[in-house]
Structure formats: C-alpha cells, structure tokens
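For the record, the sequence lines run as chains A and B.
All residue numbers for the first sequence refer to my numbering, where the first residue is 1 and numbers rise by one.
All residue numbers for the second sequence refer to my numbering, where the first residue is 1 and numbers rise by one.
Keep in mind the hints are simulated off the structure, nothing from the lab.
Bear in mind the structure is a predicted one, so any value in this text is a computation, not a measurement.
We put the CB at the ideal spot given by N, CA and C, even for glycine.
A couple of the hints might just be wrong.
Unchecked claim - With a straight-line Cα cutoff of 35 angstroms, these simulated DSBU-like cross-link-like pairs (lysine-lysine) come out: (1) Lys171/A - Lys129/B; (2) Lys171/A - Lys388/B; (3) Lys372/B - Lys177/A; (4) Lys22/A - Lys146/A; (5) Lys171/A - Lys372/B; (6) Lys129/B - Lys199/B.
As the list claims (entries may be wrong) - Below, a sample of chain A positions facing chain B; criterion: calculated Cβ distance under 8 angstroms: (7) Leu15; (8) Val17; (9) Glu18; (10) Asp85; (11) Lys101; (12) Cys143; (13) Ala144; (14) Ser167; (15) Lys171; (16) Val213; (17) Gly217.
As the list claims (entries may be wrong) - In silico negatives: residues of chain A with every beta carbon more than 10 angstroms from chain B: (18) Ala34; (19) Thr137; (20) Ala189; (21) Glu205.
What follows is the residue order along each chain.
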Amino acid sequence: MRILLVEDSPRLRELLVETIHKVEWRVDAVDTVANAQAAIAVAPYDLLLVDLGLPDGDGLDLIRGIRAEGQTTPVLILTARGAVDERITGLDAGADDYLVKPFNHHELLARCRALLRRAPAHVADLIELGHVAFDPTSAVLSCAGKTVALSPRERSVLAVLLRNAGSVVPKERIEAKLSEFGDELSANAIELAVSRLRRRLDGIEAGLSIETVRGAGYLLRDLTNA
Amino acid sequence: MPDQAARRPGLVATIAWRIVFFAIIAMAAQVVIVFADYYFDNSELGSLMIERESTLLARGVSAQDGRWTFRLPEGIEGYDPGSATRLARIRAVDGGIIFSNCGTQCLLHLLPEEVDPPDRWTRLLGQGKPIAVAGGRSVWIDGKQIIIEIAILDRNEAVMWRALGHEFADHLAIPMLLQLVLVLGGSLVSTWLALRPVKAAARQAGSIDPLDPEHRIDVSEMPREVAELGAAVNRSLARIGRLMRDQRLFTTAVAHEIRTPLAMMQLELGQIDSPRARRMERDVESLARLVGQITALGRLEAIERKGFQPVDLAGLGRSVVASVGPWVYDHAHSIAFCESAAMSIQGDGGLLEDALTNLITNAVTHTPAGTKIEVCAGPGPRIAVIDKAGLYRPGDCDKSPMARAGDSLGVGLEIVKRIAAIHGGTFAISVDPAIGTMAVLNFPSSPTQGASRHP
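Take these sequences, add in the hints, and give me the full structure.
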C-alpha cells in the first residue's frame with residue numbers, strides 16, 4: 001500500500017508518517033501542491049491524503065486537477081475547515097472523504113482503510129475486518145482459517161456492508177445489490193437476510209456487529225477496534 | 001421598538017393639530033380686532049343695526065291681491081304700536097303706509113313722508129352708548145319697492161349684539177372656516193405626499209434582511225433629503241457586509257491555526273501508551289469540540305440568507321443520522337430516524353445539519369450508555385431529537401433543560417438557538433421524566449417544497 005501525504009506543517013507531517021508506518025503502509029510526504037503533482041506524475045498511489053491550505057495553492061485545486069486527468073485514486077482531505085459547506089465543496093471537488101482536524105490515529109486509519117476497501121483498484125483484494133476475511137471475487141468468508149457457509153443473499157449483503165464498514169448503508173442500496181441476482185424481494189427480505197447474517201457472525205465470533213439504524217440503514221462495526 | 005413607534009402620533013396628525021391650534025389663535029385674534037373695530041365705531045355700528053333690523057322687518061311684508069300687508073315676524077320684539085323705544089314705518093313708494101307703530105314720534109325721528117328718501121340713510125341720534133340711531137333703506141319685494149324706516153331710541157343692546165353677531169357669522173366665521181379647511185386640507189395633503197418617499201424608505205429599511213450583506217435601499221426615486229438618509233443607511237449596510245466577510249475570514253483563520261496544533265497533540269498522544277495519555281486525549285477532544293463550537297458561533301454572525309435553499313427536513317434528518325450513526329454506536333448508544341409528514345423549509349442545509357449534529361452530540365454526551373436516541377422529522381416544518389434516557393440522574397429534574405448543554409458554557413445549545421433564529425424558527429427543550437429529553441426545532445412553513453441538497 002502506497003500513500004501520498006500532502007501536508008505543509010512539518011510536525012504534523014512527521015506524526016502522520018509515523019502513524020501510517022505503524023500499519024506498515026508506505027508513505028511519501030510532500031509539503032506543496034507542486035511537489036504533490038510531481039510525485040503523482042512519477043509514482044502510482046493507492047490513496048492521497050491532502051491538506052487544503054498549502055503554501056503554493058489550495059489542495060482542492062490539486063484534487064480537481066487529478067480528477068480532470070481521469071485518475072480515480074481515492075482522496076482523503078485532512079483539513080481545519082470544518083464547516084459543512086466547506087466539506088461539501090471538498091467532496092464536490094472530487095475528494096472521497098473529509099477528515100476535520102483534530103483527529104486521532106484510529107480515526108485516520110479507519111478512514112484510510114474504508115477508502116482503500118472501496119477503491120476499484122482493490123476490488124479483488126481480500127477484505128479483512130474484525131476476525132474475518134472476505135474474498136469479494138469468490139465471495140468466500142473465512143474466520144480463523146475456516147470457511148463460513150453463507151447463502152448468496154447473505155454473501156451479497158455482507159459484501160456491501162464490508163465495503164462500507166463504519167458507515168451507515170441505506171437499505172435501498174442493499175436492495176439494489178440483491179436485485180442484481182434477480183431475486184424477488186419480499187417486504188422483509190433485507191431484514192431477514194441481515195438478521196441471519198448477524199446470527200452467523202455472532203456464531204463465529206467474527207468481532208463484527210451489524211447495527212440496524214432504523215429509518216437510515218445498516219451499520220457494520222468492527223468491535224475489535226472499539 | 002416597533003410597538004413604541006406605532007404608538008407615537010404620525011407627522012400628519014401632529015401637523016394637523018398644530019395647524020388647528022394656530023388657526024384658532026389667529027381666528028380669536030381676528031375676532032377681537034374686528035369686534036373692536038365695529039364696537040368703537042358708532043356710525044358703522046348704527047348702520048349695521050339699521051341694516052339688520054330692516055332686513056328682519058322686511059320678512060313680515062307681503063303683497064296679496066295687489067295690497068300690501070305686514071305681520072311682525074317671530075322673534076322681533078319692541079315694535080309694538082305706541083312703542084317709545086323702537087319706531088318703525090314701512091311704506092310703499094307711492095306713499096301708502098304699510099306699517100307704522102309711531103305717530104308724532106315718527107315725525108321727530110324719521111324723514112317726512114313727502115320726501116323721496118335715498119336708498120340708504122343713517123343718522124345717529126346721540127353720542128356714545130347705548131346707540132340711538134335712525135335710518136332707512138329701500139327693499140324690493142315681489143318686484144316692487146318699499147321703504148323701511150326705523151328709529152332705535154333706547155334699550156337697544158339686544159339690537160346691537162344681534163347686528164354684531166350677524167356680521168361676525170356672515171363676514172368672519174364662514175370665510176375663516178373655509179380658509180381653515182382649505183389650508184388644513186392642503187397642508188395635510190402636501191405633508192402626506194412629501195412623506196410618501198420617507199414611508200417607502202422606511203418600508204425598504206424594515207424589510208432589509210440582516211443576513212444579506214448585498215441588500216440596499218433603492219434611493220433612485222427619492223427626493224434629495226430622503227435619498228441622503230437612504231444613502232447613509234446603505235453605507236452602514238455596506239460596512240456591515242464588510243464586517244461579516246471579515247468575521248468569516250477571521251473564524252476560518254482561527255479554526256485553522258488552532259485545529260492543526262490540536263491534531264498534532266492528538267496524534268502525539270496516540271503514540272503514548274499510558275492511561276494518562278488517554279485522559280489527555282479526552283481533554284484535547286473536549287477542547288477541539290469547544291474550538292469547533294466557538295468558530296461555528298462566529299461563522300453564524302456571517303451567514304448570508306441569499307444562500308438559502310429548499311431543505312427537505314426528512315432528507316436532512318436521515319442524512320445526519322447516517323452520518324453520526326457510527327459515532328453514536330461507538331459511544332455505546334443507538335440512534336434511529338422517523339418521519340411523519342415532514343415539510344421542506346427554506347434554509348442553509350449545512351447550518352441545519354450542524355444544529356442537528358449538536359443536539360445528537362449533546363444527547364449522547366449527557367445520557368448513560370445504552371440510551372436510544374431518535375431523530376424525528378415532522379409533522380410539518382419541525383425536527384426533534386429525543387433521548388429516551390428517562391430521569392437518568394437524580395437531581396437532574398431540578399435543573400433547567402438548558403443546563404444540559406454539551407459543554408460547560410452552553411455554546412452548543414446557543415449555536416442551535418441561533419441557527420433556529422436565523423431560519424425564523426424556534427428551539428425548545430422539554431424534559432419528560434418518564435421518557436427523556438426532547439429538543440425541538442420548529443421552523444416557519446416554506447412555500448417551496450421538494451428539491452433539497454440532502455438526499
């Protein structure tokens with residue numbers, strides 16, 4: 001995993017690099033828009049961490065530039081601009097997520113992992129969360145080296161939740177995924193599938209919890225990080 | 001202030017009262033001058049008396065079948081036959097006597113019958129008051145001329161006052177009233193017309209949106225004096241607009257300068273494996289939250305209403321619940337969203353999101369683990385955050401709900417209150433010991449429904 005960090009504060013840059021190194025990801029740290037553009041031009045990155053207020057320009061311009069070139073590398077904005085409208089501006093510019101300073105290393109790494117899981121470049125990779133590993137290609141779930149049997153509907157629900165772990169996934173999005181299988185969905189099909197999946201995960205002590213956020217969707221939580 | 005202004009008399013009413021007041025003074029002065037002028041001029045006063053009395057007596061003369069008849073009109077006294085104080089003789093031009101209450105007295109004070117009298121004549125019979133006067137005039141009745149001659153010898157005060165009263169009424173009171181009505185009406189209309197631009201300017205100033213720094217009073221059609229006032233107000237508005245922009249820049253700068261060191265502190269503490277470091281992390285989090293709220297409060301002062309858009313409260317509530325859901329569960333609470341015929345309002349989606357997030361944060365911070373929090377949109381333009389903690393802590397029921405602010409300063413709830421006020425709405429907290437605390441944001445209905453920046 002290779003990450004580009006664009007941050008102008010030397011001390012914060014140093015701390016972020018230290019945090020990222022602890023999870024054994026590689027990180028290149030630069031302090032200006034120009035240096036970031038030069039780095040992106042010569043090396044492929046899995047994730048960009050971009051501060052907005054940089055000495056030679058705005059991080060938003062850097063993000064707009066790489067999106068204009070058609071690059072799909074996930075971008076996480078790290079900024080002190082915390083207002084909602086500023087967050088919307090950042091996301092509109094092409095960022096995938098927005099982390100307002102101050103934040104702790106758990107928060108930072110969780111956001112990075114979430115973005116990396118969702119990244120198209122990593123679709124074929126193994127998704128590891130809690131005590132389980134899930135192979136999206138083969139749709140096989142394993143826990144402590146043992147394969148866990150799941151129904152096709154449970155597998156597709158789990159795949160959606162794992163890719164969006166730590167976020168509330170609207171029920172409609174899961175319905176759309178299940179519809180891809182041509183299933184006729186009954187009114188409580190999603191609830192039933194989630195309920196079964198929840199029991200299954202509890203049974204294997206997966207270290208995961210599926211919360212029903214009534215009226216909003218479902219939330220998959222990694223209990224091992226809590 | 002608007003109520004006090006409404007109670008004050010209007011300029012038109014003030015001017016009307018002043019015109020009436022000064023007109024009454026002017027009229028009174030005029031009456032005194034005219035009265036004095038007549039009263040001390042016996043010759044003029046005598047003529048008026050003869051004129052008035054002859055006019056009254058003429059009313060009693062009529063012609064029937066070619067013959068003159070006379071009957072003393074009602075209200076006329078003192079002309080009885082043989083009267084020694086008031087003599088009257090009415091005769092036709094051919095010499096026929098129509099009425100006479102005097103014999104030899106007439107010969108003494110009136111013109112001889114054989115004399116063809118002038119149209120009007122008056123002769124004072126003595127000096128000073130009471131006035132004794134003789135005189136006569138010719139009067140035309142039914143196309144024929146008659147001559148009325150009168151001599152007022154004694155006890156004539158009533159006659160004098162009647163003549164003066166008639167003169168005052170006919171030649172003073174009526175013209176003065178007419179003049180008053182015209183002057184008053186003209187002045188009021190002129191004042192009202194002159195005040196129209198001022199009223200229009202006041203209306204414009206009253207409808208100025210304090211959250212729109214571009215709003216100005218249109219002075220293009222105002223008279224110069226009012227336009228100068230409007231221009232002064234516009235200069236103040238421009239200054240407020242600049243202050244709002246400066247405030248926004250300042251809060252952004254402050255946020256940046258404080259948040260970055262806080263991020264360093266949190267990351268640094270994260271590298272230290274010690275319970276004391278964890279406690280400091282929590283302190284830094286509290287400090288970060290306070291900084292966030294203070295800068296948010298500063299940002300509210302710089303909000304511009306022109307950026308308001310339709311916001312679907314149901315979409316907003318659902319979006320915020322989804323956004324803060326992970327944080328709520330991480331703090332061992334649960335959250336749900338419900339909707340009941342919620343409406344859209346005209347507002348700033350970001351601010352409303354901040355308000356709702358603040359209320360949820362507040363509910364999580366001040367309730368025990370396991371508490372269910374519910375965000376309910378509707379019915380109507382309303383959204384509420386309810387925590388179902390019940391009466392979770394003894395003594396809490398004695399406190400004002402506002403005391404349960406998300407921080408010691410109550411900044412979080414102050415932000416929510418201001419956001420509600422910016423949207424023309426209200427914010428209220430109520431505690432039901434059996435259920436928990438309910439924080440409700442009520443907004444005015446918006447005519448716009450439908451589209452929203454929130455899904």
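We went through each hint and held it up to the structure:
Between lysine 171/A and lysine 129/B, the direct Cα distance comes to roughly 114 angstroms. Violation of the 35 angstroms bound is thereby established for this hinted pair. Restraint check for lysine 171/A and lysine 388/B: the C-alpha separation of about 25 angstroms stays at or below 35 angstroms, so the hint holds. For a cut-off of 35 angstroms, the pair hint linking lysine 372/B to lysine 177/A stands: about 30 angstroms separates their Cα positions. About 28 angstroms separates the Cα atoms of lysine 22/A and lysine 146/A, which keeps this hinted pair within 35 angstroms; it holds.
Of the supplied pair hints, the one linking lysine 171/A and lysine 372/B holds, its CA atoms being roughly 20 angstroms apart against a limit of 35 angstroms. The suggested pairing of lysine 129/B with lysine 199/B is violated, with an alpha-carbon distance near 61 angstroms, which exceeds 35 angstroms. Residue-level restraint check for leucine 15/A holds (minimum Cβ-Cβ distance to chain B is 4 angstroms; threshold 8 angstroms). The criterion of a C-beta within 8 angstroms of any C-beta in chain B is not met by valine 17/A, whose closest approach is roughly 10 angstroms, and the hint is violated.
A least Cβ separation of about 7 angstroms between glutamate 18/A and chain B falls short of the 8 angstroms threshold, and the interface hint therefore holds. For the restraint placing aspartate 85/A at the interface with chain B, the shortest Cβ-Cβ distance is roughly 4 angstroms, inside the 8 angstroms limit, so the hint holds. The beta carbon of lysine 101/A comes within 4 angstroms of a beta carbon in chain B, closer than 8 angstroms, and the hint placing it at the interface holds. Hint on cysteine 143/A is violated. Least Cβ distance to chain B is approximately 22 angstroms, over the 8 angstroms limit.
Contact between alanine 144/A and chain B, as hinted, is not supported at the beta carbon level, the nearest pair being about 25 angstroms apart and thus beyond 8 angstroms. For serine 167/A, the interface hint holds, since its Cβ comes within 8 angstroms of a Cβ in chain B; the closest pair sits about 7 angstroms apart. Interface restraint check: lysine 171/A against chain B, minimum CB-CB distance 11 angstroms, threshold 8 angstroms, status violated. Given the 8 angstroms rule on beta carbons, the hint for valine 213/A holds: about 5 angstroms separates it from the nearest Cβ of chain B.
Checking glycine 217/A against chain B: minimum C-beta separation of about 6 angstroms stays under 8 angstroms; hint holds. With a cut of 10 angstroms on Cβ distances, alanine 34/A stays outside the contact zone with chain B, its closest approach being about 21 angstroms. Listed as outside the interface, threonine 137/A is consistent with that label: its C-beta sits roughly 27 angstroms from the nearest C-beta of chain B, beyond the 10 angstroms cut-off. Interface exclusion of alanine 189/A from chain B stands, the closest Cβ pair being 21 angstroms apart, more than 10 angstroms.
Look at glutamate 205/A: its CB is around 19 angstroms from the nearest CB on chain B, clear of 10 angstroms, so calling it non-interface holds up.
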